[in-house]
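Visitor: Okay, here's what each chain looks like letter by letter:
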Amino acid sequence: MFFSQLALYEQAILALAAVVLLLTFLMLVHPRILSVIKLFAWQGLAVAATTALVAYDANAPHLYISALLTLLLKAFFIPWLLLRMVDRFDLHQELDSLSHPVLVLFGGIILVVFCYHTTLPVAAQLTAITHNVVAICMSVVLLGMVMLISRRKAVTQVVGFMALENGLFFAAVAVTEGMPMVVELGVAFDVLVAAIIFGIFFLHLRQSIDSLDTSRLSRLSERERD
Amino acid sequence: MNPTGWLLALLQTLLFVAAAPLFGAWIKRVKCWLQNRRPPSLLQPYRDLRRLFSKQVVLAEHASVIFRLTPYLVFGAIIMAATVTPFITLDTPTTAIADAIVLTGFFALARFFLALAGMDIGTAFGGMGASREMTVSALAEPAMLMMVFTVSMVASSTNLATVITSIEHQMVMTRPSLWFAALGFLLVIVAETGRIPVDNPSTHLELTMIHEAMILEYSGRHLAMLEWAAQLKLLVYAVLAINIFNPWGIAHSDGLAPLAIATALMAGKLMLFGTLLAAAETVLAKIRLFQVPVFLMLAFTLALGGMLCFIILEAG
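Protein chains in written order, with our numbering: chain L, 63 to 288; chain A, 18 to 333.
What the hints contain is simulated information worked out from the structure, not anything from laboratory work.
Positions of the beta carbon are idealized from the N, C-alpha and C atoms, including for glycine.
Heads up, a few of these hints could be off.
[Stated by the list, open to error] Derived DSS-like pairs: lysine-lysine, alpha-carbon spacing no greater than 30 Å straight-line:
1. K45/A <-> K303/A
2. K303/A <-> K215/L
3. K100/L <-> K303/A
4. K286/A <-> K45/A
5. K286/A <-> K303/A
[As the list claims (entries may be wrong)] Far from chain L, by Cβ distances over 10 Å, these chain A residues were calculated:
6. K45
7. S58
8. T179
9. S270
10. L276
11. T292
12. L315
13. I328
14. E331
[Stated by the list, open to error] Taking CB as the label site, the calculated pair distances span:
15. D152/L <-> I278/A: 51 to 59 Å
16. V300/A <-> D152/L: 24 to 32 Å
17. E185/A <-> I262/L: 50 to 58 Å
Produce the entire structure from the sequences given, and follow the hints as far as they go.
Guide: Below, the structure is given as structure tokens:
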């Protein structure tokens, strides 16, 4: 059988990819904002660990730097930044429940199947051990998008955006053993800057509509509806 | 047909049936410890059963034959389920006869008659319990079957003995599909056996009960059999979870030494599993009935995710 013939660390790469998918699904439906941020930190950790293992597998030392960068940014710094905002806006008990979690979960599953089907030709071209991970990466990207449209609070939407970026990074690692270092550094700092800008955006949102609920932005009138 | 195999199957089933109240008592004991209460004796469920068996059966005036037949059918179906489940040895003819889908079928048969009996008397509680039980099981059963399909795809067989042997051959559990299936199955166990986040087996609070509402009208030996069946069902699910996802140490032959080792290991694993279950029940609060579909959808997603992981990551 294919899976049991692999070396242990190669099995670990695939298993970690599955863990990333699982964490994305949990982030998609978890009702508590605080837990969603923590899940995002775990997802960053899983992506960083996978990157390090791929670096070992492909003997590509520059990937270790990407892994370290991911670990610092995605697993520690950005979650810390978001947690600090949770502190500042006092969102510890705040919920962001989906109105139809069952539908979202089922839609997520269908998306995974869709991604698997569409990436089959891509995966067939690749020879690396990670060729099967492509479908997972694309699903993480699409699930991040689902999170962006299904969540209502700004914080969880930002987490969805970051999860999407995690998926893209993961795809780059899995398919091409990492992009050139310059590109990766650029993307990493882009994400960092985005996180900071989102913080300012939260502040403005809070000041102008006194809530982080973005669904209230779709109303043009400033007056409360009767 | 070797007679030793059949004898072993019979003994294994007897052990299953005899150990079921003890497992329930162990969970209760750990729960009491965790909640700073004094636990009852480990033999208390046996005493309860003896008391119930010696009591007179009180039947409602309008009870039909279904109501009287159900305890025997339910108890029988769950014992059949216990018979086809590998407990301490794989080398029995009964595990070769039936597979995991038959096992699910036995549980469904028991549930069907229990729900009918709940509605038979015509009390409000019976009907309410039956409708809730069917709602929960309609969602739990697909998740259970999806878990079965995932492990069957890994092992290329739905026969439980083959599945367990094939999982035992991998020394380290690295397959993500099996992790997902295991997680989903744990949620299914909680829902199917009526444990805390879904149902509370130790209360008769009318608004929340599911299983207790269905058997509210039963008394005497009928009630004893239904309670015993519920305990046995919990043990069968626990043994399934242990043997499918952590089978190391199960006996393959009918020698005395492997059987003794397997029994001791199984007892240890069951104690650990019971402790985990009790800890989870202490930490978690019962969820609202309308949250149960979300809970079970998560179980279904996990099991289906396991299957997708197998197809995407492990197969090709």
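Visitor: Each hint should be assessed against the structure and marked as holding or not.
Guide: Here's how the hints hold up against the structure:
Taking the CA atoms of K45/A and K303/A, the gap is about 17 Å. The hint holds against a cut of 30 Å. The suggested pairing of K303/A with K215/L holds, with an alpha-carbon distance near 27 Å, which does not exceed 30 Å. With a C-alpha separation of about 24 Å, the suggested pair K100/L and K303/A falls inside the 30 Å cut-off, and the hint holds. Taking the CA atoms of K286/A and K45/A, the gap is about 17 Å. The hint holds against a cut of 30 Å.
Proposed proximity of K286/A and K303/A is supported: the alpha carbons are some 26 Å apart, at most 30 Å. Residue-level check passed: K45/A sits 31 Å from the nearest beta carbon of chain L, beyond 10 Å. At roughly 40 Å from the closest C-beta of chain L, the C-beta of S58/A stays outside 10 Å, upholding its exclusion from the interface. For T179/A, the requirement that its beta carbon stay farther than 10 Å from each beta carbon of chain L is met, with the minimum near 14 Å.
Taking the minimum C-beta to C-beta distance to chain L, about 25 Å, the non-interface status of S270/A holds against the 10 Å cut. Taking the minimum C-beta to C-beta distance to chain L, about 29 Å, the non-interface status of L276/A holds against the 10 Å cut. A cut-off of 10 Å between C-beta atoms confirms that T292/A is not in contact with chain L; the least separation is 25 Å. A beta-carbon of chain L comes within 10 Å of the beta-carbon of L315/A; the shortest separation is about 7 Å.
For I328/A, the non-interface assignment is contradicted: its Cβ lies about 7 Å from the closest Cβ of chain L, within the 10 Å cut-off. A beta-carbon of chain L comes within 10 Å of the beta-carbon of E331/A; the shortest separation is about 4 Å. For the pair D152/L and I278/A, the beta carbons lie near 57 Å from each other, so the given range of 51 to 59 Å is met. Against the hinted window of 24 to 32 Å, the Cβ-Cβ separation of V300/A and D152/L comes to about 26 Å, which satisfies the hint.
For the pair E185/A and I262/L, the supplied restraint of 50 to 58 Å holds, since their beta-carbon distance comes to about 56 Å.
When held up to the earlier numbered hints, the structure conflicts with 12, 13 and 14 and fits the remainder.
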